[in-house]
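Protein chains in written order, with this note's numbering: chain A, 1 to 247; chain B, 1 to 247; chain C, 1 to 247; chain D, 1 to 247.
Take these hints with a grain of salt, some might be off.
If chains are identical, the list can't say which one is meant, so a pair holds when it fits in one copy or spans any two.
Calculated cross-link-like contacts (lysine to aspartate or glutamate; reagent style EDC-like; alpha-carbon spacing at most 20 angstroms) [to be verified]: (1) LYS209 with GLU52; (2) LYS51 with GLU17; (3) LYS18 with GLU52; (4) LYS105 with ASP229; (5) LYS18 with ASP163; (6) LYS105 with GLU148; (7) LYS109 with ASP79; (8) LYS33 with GLU52; (9) LYS33 with GLU239; (10) LYS51 with GLU21; (11) LYS109 with GLU198; (12) LYS209 with GLU57; (13) LYS20 with GLU38.
Keep in mind that the hints were calculated from the coordinates and are not lab data. Only a predicted model underlies this, so the values are computations on that prediction, with no experimental measurement involved.
Each chain, written out:
There are 4 protein chains.
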Amino acid sequence: MIRVTVWNEFQHERTQEKVKEIYPDGIHTCIAKFLGQEEELSVRTAVFDEKEHGLTEEVLANTDVLVFWNHMLQEEFSDDVAERVRRHVLAGMGLVVLHSGHYSKIMRKLLGTSMTLRWRHGDRERLFCTCPTHPIAQGIPAWVDIPEEEMYGEFFDIPKPDDVVFTGWFAGGEVFRSGCTFTRGLGKIFYFQPGHEEYPIYHMPVIQKIIKNGVRWCVPVVRRPAPLDNAWVNPSTEEVYLSSHQK
Amino acid sequence: MIRVTVWNEFQHERTQEKVKEIYPDGIHTCIAKFLGQEEELSVRTAVFDEKEHGLTEEVLANTDVLVFWNHMLQEEFSDDVAERVRRHVLAGMGLVVLHSGHYSKIMRKLLGTSMTLRWRHGDRERLFCTCPTHPIAQGIPAWVDIPEEEMYGEFFDIPKPDDVVFTGWFAGGEVFRSGCTFTRGLGKIFYFQPGHEEYPIYHMPVIQKIIKNGVRWCVPVVRRPAPLDNAWVNPSTEEVYLSSHQK
Amino acid sequence: MIRVTVWNEFQHERTQEKVKEIYPDGIHTCIAKFLGQEEELSVRTAVFDEKEHGLTEEVLANTDVLVFWNHMLQEEFSDDVAERVRRHVLAGMGLVVLHSGHYSKIMRKLLGTSMTLRWRHGDRERLFCTCPTHPIAQGIPAWVDIPEEEMYGEFFDIPKPDDVVFTGWFAGGEVFRSGCTFTRGLGKIFYFQPGHEEYPIYHMPVIQKIIKNGVRWCVPVVRRPAPLDNAWVNPSTEEVYLSSHQK
Amino acid sequence: MIRVTVWNEFQHERTQEKVKEIYPDGIHTCIAKFLGQEEELSVRTAVFDEKEHGLTEEVLANTDVLVFWNHMLQEEFSDDVAERVRRHVLAGMGLVVLHSGHYSKIMRKLLGTSMTLRWRHGDRERLFCTCPTHPIAQGIPAWVDIPEEEMYGEFFDIPKPDDVVFTGWFAGGEVFRSGCTFTRGLGKIFYFQPGHEEYPIYHMPVIQKIIKNGVRWCVPVVRRPAPLDNAWVNPSTEEVYLSSHQK
């Protein structure tokens, strides 16, 4: 079983009528539900208001892939928890970051850049697949229309991604690297831009399929309890080899 | 003029006889001297013991490329100064990080990974050029022998570099990505592994040439006073365009 | 089932006693045998002396991953068959190229560079994993010793790989990008350097595991009968969208 | 001096009135003229109708950067000349390929993929800079509007570029990797999509600046008379080193 934790800030859905209508039980519940349809996924959720944001050492140690959505409380998010998540990613935990999560402390710590972009409400997006050989693109059409979406536009200040799986076209005249993969330490990261809370984007089957693909791609190849550490090698690898292979 | 600041921890050279003999005025003075031979470079130095480590806002604002060597005082380095350097790199300042600087707070903040590796004293290295088209490789032979060097070995926990300009072979049986480039925000970073303080590596003309090439490559293409920020785009780029291009 | 075709030049094993002893039925039979132990792999073989080298349109159309070993008859290999293989790779067929296959017409056509390197018989190699998050590295130790191997050394004139999964250290003093991945068109390519015919390298379980991992990684995400073609888009994607989404 | 050869098919400008009005002396003359304004560039031109298309061994041996525009006569272009250009690129010659040159035999040979894309006449493009640290982006605004341009759209079947310097937004609803860099052998390649012959795109100062930047970036770091060749290394690099460094 792949153990998935879906984390959501869960603020908009409790305070804005429009959002509540779309995600009455929160974005996390919506995502957990469609992920839970997959037999090999075991899904739980956590939200901002829980103690340690619900991302305790124990939860993370038992998570293969963390799916993360946040927006309003970027700065209020605990530095310690952000650092803890970073350490688990470096130790191999997969991370799927959605929409405004690009600016989470977690992502800024992991990627190091400003993570800034240009944005505007009330646009329309067309996602083009620009890396059809990527497992995240499996079964996804050449392009996907999202009738209503917040615009995120270039220049997006990220390190060069391993792959730009999706590139977004916006009716308002901008482009965006909307689906990007990164590897940090032993952890795989998939950033996926769609998902403004005011539009029912996570109800779209094709978006759900992309997120499912993303979760599967992020499953650790190797998982450790902690990030790698510096290691003193003495005697040398050659000395060890020669001592055991020569008469 | 390219304004270069050479920063050195400057501890070993004052406490260890062996190091003092090789670098009587400190590694920074040695590096500043050979860089200063280049007409287009204007070089100054700074060391750990200065106030704010000599890396004040004013110094960094007037630095095009920072060359950085440290080792013993990784954790004692000011968090605030490390963050300040990170911000200037994101804003365009070039950064040449030497040897044990891989584990500086600056590099860990900028690159996000553990930056760990395997190591051992008393080895010998052969640097192979694995990206001969890179400006940093200009005029450098296909390989360079370093008769005495500390071993740094894989796995080196870094994000995938833009280019691996040099790959190191060690007599003790390991390999290392010894010369790596990264881009973060608007800043270019060149990490170059050679330079253990107990060996006269920065006196080698070919090593000096690589560092000179590295400095030139790191010169900003664009430089800002601060990293990029999120920007609200309203009206849209299309609206602006259409309003000025249609009757 | 993943349909694998293992192709071998099959010359050395019939003419050189030393090679015949190691691979009495040919390298292809050895590889087919260990791949065949995997339940999800359906394996067949083909060799140079067959008509069209055994790589007919029909064989390739029914191959998910082609494993390829050649050496002596690089120039004698049919241009037409090389082009046919290239087209199937661009259309999605996976390709695992072993050892001296780096210089096959297939690889030169697909990658475009000279594919040249430095080489010498009678060396010893240590493979370091330099991308532990890659599926091909799954279950492989941090390094693998190959007691006898032909040396392949840098500079290796290849396009920048997607990932350098393994980097080789040679006792004779060189390094090599020994395990590299590429994507061309819809096809995934894994080049793996070990496997000189005079040493029993493909009998090593860890090498077998790497090749099995390589085959699995090369399985097409999407497979077409032919490479992609230019496509005239008229009316535009916007016109199509707007005509169906507006009243 | 940087020796630049500007090559043009030079067919449209002699047969289509609309094109003749925009480029009365041919696209090559227009490009040669604005490049010639740069002091360090020494520019000549060549066209399809010349013997060997004007790209003789001697011309190429004396060219640092080749700028290439073609369209109608892709298949009529000599295989031998295409192969000759490929060899000079692998030997270090820079190559700036414009617009429909993506589908030239030269590019297909060098990059190996189908080089196909989606296209449509009569669109409008906005180029976004998606790699502001690249020398080709120096002095170029965050985006550039091209009022009339042929649409080139994704999926563009190219190998993963070293950098995607510009990403194009098209009013008709598509995106494109409009400015891409590649390195093949010792040669640097800049592919730049703008420049349909029916619109005065090469008269735009900002487009001229991008092409000038591209030419400068493509200047060889190392230039050889021929591509690299396989090299037999005997005695080993270690033997040579040890024989000269030990008593």
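Taking the hints in turn, this is what the structure says about them:
When the C-alpha separation of LYS209 and GLU52 is checked against a cutoff of 20 angstroms, the pair qualifies neither within a copy, at 30 angstroms, nor between copies, at 42 angstroms. For the homomeric pair LYS51 and GLU17, neither the shortest alpha-carbon distance inside one copy (26 angstroms) nor that between copies (54 angstroms) is at most 20 angstroms. In this assembly of identical chains, LYS18 and GLU52 lie within 20 angstroms of each other by CA distance neither inside one copy nor across copies; the values are 28 angstroms within and 50 angstroms between. Only between protomers do LYS105 and ASP229 lie at most 20 angstroms apart by alpha-carbon distance; the minimum there is 15 angstroms, versus 23 angstroms within a single protomer.
Taking the shortest Cα distances, LYS18 and ASP163 never come within 20 angstroms of each other, neither inside one copy (34 angstroms) nor across copies (41 angstroms). Taking the shortest Cα distances, LYS105 and GLU148 never come within 20 angstroms of each other, neither inside one copy (27 angstroms) nor across copies (42 angstroms). Taking the shortest alpha-carbon separations for LYS109 and ASP79, both the intra-copy value of 10 angstroms and the inter-copy value of 14 angstroms come in at or below 20 angstroms. Within a single copy, LYS33 and GLU52 get their C-alpha atoms no closer than 24 angstroms, and across copies no closer than 52 angstroms, so neither meets the 20 angstroms cut-off.
For the identical chains of this complex, LYS33 and GLU239 are neighbours neither inside a copy (55 angstroms) nor across copies (35 angstroms), given an alpha-carbon limit of 20 angstroms. In this assembly of identical chains, the alpha carbons of LYS51 and GLU21 never lie at most 20 angstroms apart, being 27 angstroms within a copy and 56 angstroms across copies at closest. Taking CA atoms no more than 20 angstroms apart as the test, LYS109 paired with GLU198 passes in neither setting, with 28 angstroms inside one copy and 34 angstroms between copies. In this assembly of identical chains, the alpha carbons of LYS209 and GLU57 never lie at most 20 angstroms apart, being 29 angstroms within a copy and 34 angstroms across copies at closest.
Within a single copy, LYS20 and GLU38 get their C-alpha atoms no closer than 26 angstroms, and across copies no closer than 50 angstroms, so neither meets the 20 angstroms cut-off.
Checked against the numbered hints above, the structure violates hints 1, 2, 3, 5, 6, 8, 9, 10, 11, 12, 13; every other hint is satisfied.
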